[in-house]
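Peer 1: From first to last, the protein sequence lines are chains A and G. Quick note: the first sequence uses UniProt numbering, first residue 1, plus one each step. Quick note: the second sequence uses UniProt numbering, first residue 1, plus one each step.
Simulated from the structure, these hints should not be mistaken for laboratory data. Heads up, the beta-carbon is just placed ideally off N, CA and C, and yes, glycines get one too.
Okay, derived cross-link-like pairs now, BS3-like style, lysine-lysine, Cα gap no bigger than 27 Å in a straight line: (1) A:K66 - G:K132; (2) A:K66 - G:K142; (3) G:K142 - A:K72; (4) A:K62 - G:K195; (5) A:K66 - G:K187; (6) G:K198 - G:K187; (7) G:K313 - A:K72; (8) A:K66 - G:K313; (9) A:K62 - G:K142; (10) A:K62 - G:K313.
Heads up, incomplete: computed chain G residues facing chain A, CB under 10 Å, no partners named: (11) I118; (12) G119; (13) R122; (14) P123; (15) K126; (16) H127; (17) N128; (18) L130; (19) K132; (20) K143; (21) I147; (22) G151; (23) R152; (24) V156; (25) K310; (26) K313.
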Amino acid sequence: MKHIISILMENEAGALSRVAGLFSARAYNIESLTVAPTEDATLSRMTIVTSGSDEVIEQIIKQLNKLIDVVKVLDLNDGRFIERELMLVKVKATGSFRDEMKRMCDIFRGRIIDVADGSYTIELTGSGSKLDAFLEALDKAAILETVRTGASGIGRGDRILKL
Amino acid sequence: MELSGAEIVIRCLQEENVQYVFGYPGGAVLNIYDEIFKQDKFKHILVRHEQAAVHAADAYSRATGEVGVALVTSGPGATNAITGIATAHMDSIPMVIISGQAPTPQIGLDAFQEVDMIGISRPCVKHNFLVKDVKDIAPTIKKAFFIAATGRPGPVVVDIPKDITAHLGHFEYPETVELRSYTPILKGHSGQIKKAIKLMLEAKRPMLYTGGGVVLGDAADQLVKLAHRLGFPVTNTLMGLGGYPATDKQFVGMLGMHGTLEANMAMQHCDVLIAVGARFDDRVIGNPQHFYNKDRTIIHIDVDPSSISKRVKVDVPIVGHVQSVLSEMNELLDAENRTPDTAALKAWWTQIEEWRGRNCLSYNRNSDIIKPQYVIEKLWEVTKGDAYVTSDVGQHQMWAAQYYKFDKPRRWINSGGLGTMGVGLPYAMGVQFADPKAKVACVTGEGSIQMNIQELSTCKQFHLPIKVILLNNRYLGMVRQWQQFFYENRYSESYMDSLPDFVKLAESYGHVGMNIENPADVEGALTEAFNLTDRFVFMNFITDQSENVFPMVPNGKGLSEIILAEDL
Numbered sequence: 001m002k003h004i005i006s007i008l009m010e011n012e013a014g015a016l017s018r019v020a021g022l023f024s025a026r027a028y029n030i031e032s033l034t035v036a037p038t039e040d041a042t043l044s045r046m047t048i049v050t051s052g053s054d055e056v057i058e059q060i061i062k063q064l065n066k067l068i069d070v071v072k073v074l075d076l077n078d079g080r081f082i083e084r085e086l087m088l089v090k091v092k093a094t095g096s097f098r099d100e101m102k103r104m105c106d107i108f109r110g111r112i113i114d115v116a117d118g119s120y121t122i123e124l125t126g127s128g129s130k131l132d133a134f135l136e137a138l139d140k141a142a143i144l145e146t147v148r149t150g151a152s153g154i155g156r157g158d159r160i161l162k163l
Numbered sequence: 001m002e003l004s005g006a007e008i009v010i011r012c013l014q015e016e017n018v019q020y021v022f023g024y025p026g027g028a029v030l031n032i033y034d035e036i037f038k039q040d041k042f043k044h045i046l047v048r049h050e051q052a053a054v055h056a057a058d059a060y061s062r063a064t065g066e067v068g069v070a071l072v073t074s075g076p077g078a079t080n081a082i083t084g085i086a087t088a089h090m091d092s093i094p095m096v097i098i099s100g101q102a103p104t105p106q107i108g109l110d111a112f113q114e115v116d117m118i119g120i121s122r123p124c125v126k127h128n129f130l131v132k133d134v135k136d137i138a139p140t141i142k143k144a145f146f147i148a149a150t151g152r153p154g155p156v157v158v159d160i161p162k163d164i165t166a167h168l169g170h171f172e173y174p175e176t177v178e179l180r181s182y183t184p185i186l187k188g189h190s191g192q193i194k195k196a197i198k199l200m201l202e203a204k205r206p207m208l209y210t211g212g213g214v215v216l217g218d219a220a221d222q223l224v225k226l227a228h229r230l231g232f233p234v235t236n237t238l239m240g241l242g243g244y245p246a247t248d249k250q251f252v253g254m255l256g257m258h259g260t261l262e263a264n265m266a267m268q269h270c271d272v273l274i275a276v277g278a279r280f281d282d283r284v285i286g287n288p289q290h291f292y293n294k295d296r297t298i299i300h301i302d303v304d305p306s307s308i309s310k311r312v313k314v315d316v317p318i319v320g321h322v323q324s325v326l327s328e329m330n331e332l333l334d335a336e337n338r339t340p341d342t343a344a345l346k347a348w349w350t351q352i353e354e355w356r357g358r359n360c361l362s363y364n365r366n367s368d369i370i371k372p373q374y375v376i377e378k379l380w381e382v383t384k385g386d387a388y389v390t391s392d393v394g395q396h397q398m399w400a401a402q403y404y405k406f407d408k409p410r411r412w413i414n415s416g417g418l419g420t421m422g423v424g425l426p427y428a429m430g431v432q433f434a435d436p437k438a439k440v441a442c443v444t445g446e447g448s449i450q451m452n453i454q455e456l457s458t459c460k461q462f463h464l465p466i467k468v469i470l471l472n473n474r475y476l477g478m479v480r481q482w483q484q485f486f487y488e489n490r491y492s493e494s495y496m497d498s499l500p501d502f503v504k505l506a507e508s509y510g511h512v513g514m515n516i517e518n519p520a521d522v523e524g525a526l527t528e529a530f531n532l533t534d535r536f537v538f539m540n541f542i543t544d545q546s547e548n549v550f551p552m553v554p555n556g557k558g559l560s561e562i563i564l565a566e567d568l
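Same shape as in the complex, but just chain G (with noise of 0.2 Å):
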């Protein structure tokens, strides 16, 4: 029996054993949202504006590790898509996203709502795909799913034409994919494991550097073994925030721009550095030629060869999939029963904790303003570590980042590499479907929640019970503090005026708003909040106006040019 080509979608999503698809309906996409409606294999989430979307599809893919799935329509419908798509592809996000096209026909000749989508989205995919036939929908679909999830992970685009969801062909989908110009990597090349194994056991001041990789990879637990049994410190670049518990002893922190002094500190003095699934990135390392230095070994551990020696020449690369690579070191150390270098070890820590002791992280804790820090402390208390904890970006999603303390992977939710403001509550809504019993905190700032804040409806049509902890400074917050720093307290269009009451804005959804303005509220709001277990809160916390966010390596900087709040 022939089915018409929408028919075939949905039968390939049902293959792909999909359970939500996050979407916005329009024309060219019309046929597809019939038989959506016909079926009930998967749920479509109505969200309120496409990029809500994709970025609510991404975090279900973060939040499971699964391919997250989008459907949009033409031309508004698809470059709406494309803030989404980018942040997903910035941070190697598995996902497919089908938009719809113009007839074929009509392909060229400046259609209603025909954008070159295949071209628009080119740069920031993973791959993308034009279905031109009927029969060539199944095939397309298969390859999407593969490329996305495998290899270094990225969102793939299948744009198809509406004439071909009409059109009819015999459904049959593939069972594998060949694609002779896409074999990614798994396996690492034993000679440099044996290699990295060999520097690491002889490394006087080690560091185990890692990122989304380990996240992404689902890695965590291989590296926590190897950490174990070598007893090195760790760092995780905000990507890789739960790759290894913070609660740990050997774990010193965040690294980067805002993170650690002992991080930072370490990441530079090493002379053996491990970087598993991290990037050195700008926002990391900060300037490459002052983190040159000659007397550090770096062993890079990553699944895209392209990820080596970008920024940072390298000296003992390794390709492979970060979870069978650290496998293979475990077992390596198992057989050979070697150890460490202890003595040199001991010293090492020694300096660590001299760097730890400074206590980089404190903030005035006796303010009669809410100190935003303080929320995220309270947060992490109130949900016992426990919380997924999405964020937006600026001050709230470094304070979320350095205080709350992440255990484990898959929790912390935020958009690293595009610092896309406006993902926080969409990113709410995409982990609350994947773990409808989860407690998922929203941490965002007045800025940002305004940039998605239609989304509340969608958190009302589908009663999720996220709570959303605003951290109002009636400011943005990043921009001001770099106005402050760099441009001698010009604070050009930074303030945030006419805010809305967001108490009132909640309830006219239909949720519970509250506005906390004293610290000694805190704790008892979130514990109130938190107790409504299938209510979504939206609470204002008025916050310091002034905080800033610290440790801080300024732009350009090097990691040892740290500067800390006592220091200013």
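Only chain A is shown next, with the shape it has when bound in the complex (with noise of 0.2 Å):
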């Protein structure tokens, strides 16, 4: 099953190569990776997205634990939550294509922020489902380039990670 993993960590050079390295060395899954400061500068927030059996990704949680710059550590997936990623999506706009990629935009609630005469670039925000609904929706011949920066977690109400 797929987790998403959130944890605080020292905002230290080479905390994110021992999180990256215990994944490795225990083989365990990431499908995305995203990292950067807090509003307190010595902490990043990391939200690593996982999957595996229960006892995986329970080990997993004892294994970031165990890492001295991990400070905090926890599954999203315990309670609710909100996950998004932000995507962004170069695609062909020329002729036929030119109405149906901003339509299409419009149904999944994208923003264009970039128009050049045979392009747009339509930013895309949601959840990863989401951003995948989208690029299943658009014609495979219209994709240019994609970039997406991986999900970032945070839970519902008062479920909060903090020191």
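Join these two chains into a complex; the hints should help.
Peer 2: Spelled out as structure tokens, the structure:
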């Protein structure tokens, strides 16, 4: 099963490689990984999307907690949470595609953030599955380039990951 | 007054009350070595290869419980140290390894003797640090010692660029360490402990399975008290030997791939298993699917939460320092004054004694050729069971573990997790420094000993009266055994040809050498060697080439699929 794991860690050189190294050394999956400093510059917040059996996820959480630079770990799937990912898609916008792409963008509540003679660049946020759905809805021949940030997640309501 | 970074390093080690630093100089650590020259608070032990420095410091720690310290230069010095570091990491040995690094401005430019030590050591350390400013040296070393020694212990690398050791800075050694991201749990959860006690008292077929955590956590006394009070059988893992006295009647021997029949069968058939500081590894329980038994309840005490339910699902996890948890269990039992199910225990012991009666460690005592098991038994007798025994890796290691009855913790020093050939001699060095008057035996094979044979020179320099017990069967014995059993006698590259004359080799380093080829000479030779209390003696026992280690649980099989010598 897919899990989204949030990690609060020391914002230090090498911390990212410790997490990435742990996943590769122990043969855990990484579907996506995002990291950036938090409002407290000494801390970074990382979101990892991974998958595995309950036993594997339990081990992942324990192994992450064992890393000296990791301050706190939360499996977002243990409660209610919100997941968002940002995607930029450059699509063909010539001929019939020009209207078609605008319509698809509107349907998925995306925004066109760059317009050129032959292409649009569309910005879309949502859960990973929404972004997948958008790409599937497009004519493959229209997609010129995609870039995705990987998922970020946050607990709903008073579920807070903080020091 | 400001000190140089190198002086600060030395002052930190002195503040940590370090007695010995095992190391090897080189360009990037010249400043540090210059300061070592000027001080006499700790002793530097010059080895002949960096790997041996780390092994010796590791063994010093295993024997004393103190943090072992090694010092190596950058590049090849650092990479040579890696095997030693990985060995210590697998066995959870607290160590601080200081490595030199190329000067800060040159890092990343492929400088001479530059290697990314932080990257290369990362998977085999508990933690590592690159020091980028002279003011960080003292706080970093303080943290390194703290992290190494607390929680589940392990090696910590401190990588220091050469220019940092030359820069000047103010020295103040921090008194305490605050790490918001690292707060090891010490005390076990009281509710879980009570639950465990209840299960233990109701058990019909209980079993205490204890590992290296009892030795490292200095919990042997608490374990003995608990076991004696409850009358439960006790088995030790390879790493746990000495954690429970081997001559005690409740001890059923080591378990695992080469464990005793009684230990493995009791492990498989018990109804309540109390695992203490052990991690159910593949060499211990074999195949986890076979090990699984729905009628067995498992209690697992360990300081490392990630060791719990890793290979085997546990019913009652207790995260805490084993000494603290076992003490609390003893206190609870004292307070409640309840006793276990004695009738059921009696029946359980009858079953165990039946297994024990199979005498699974018997071997041919009337052989004309020296049997390796016999050498170890005589070693135990001659040293009155009171020696430190280090070993290398292979058949001789298993025989030493099976036939030397360790009654005290920290006496059996071997590479359990990583299985590093070549540790035996440097381990013996570290132990002899830790306890200069002690009898130290290095049980080894002709394959392993040659992996760090250069240390004969270090032993000469420091007058270490180690006794090398070489069980020389002219084979990489364990490899040969597997090839015999599982590869239809195709002995691919397992014969050790062109061996040196070990007696002459020892003598060339100024040591005493002995060849022993006759079983009748074994005891006399051992006695003679140990009587040479101030000499290093290299004993070359020519042993039976065809001897195999039994019992054996074949790889991937279950504990009750154990093979005894008599089965073949």
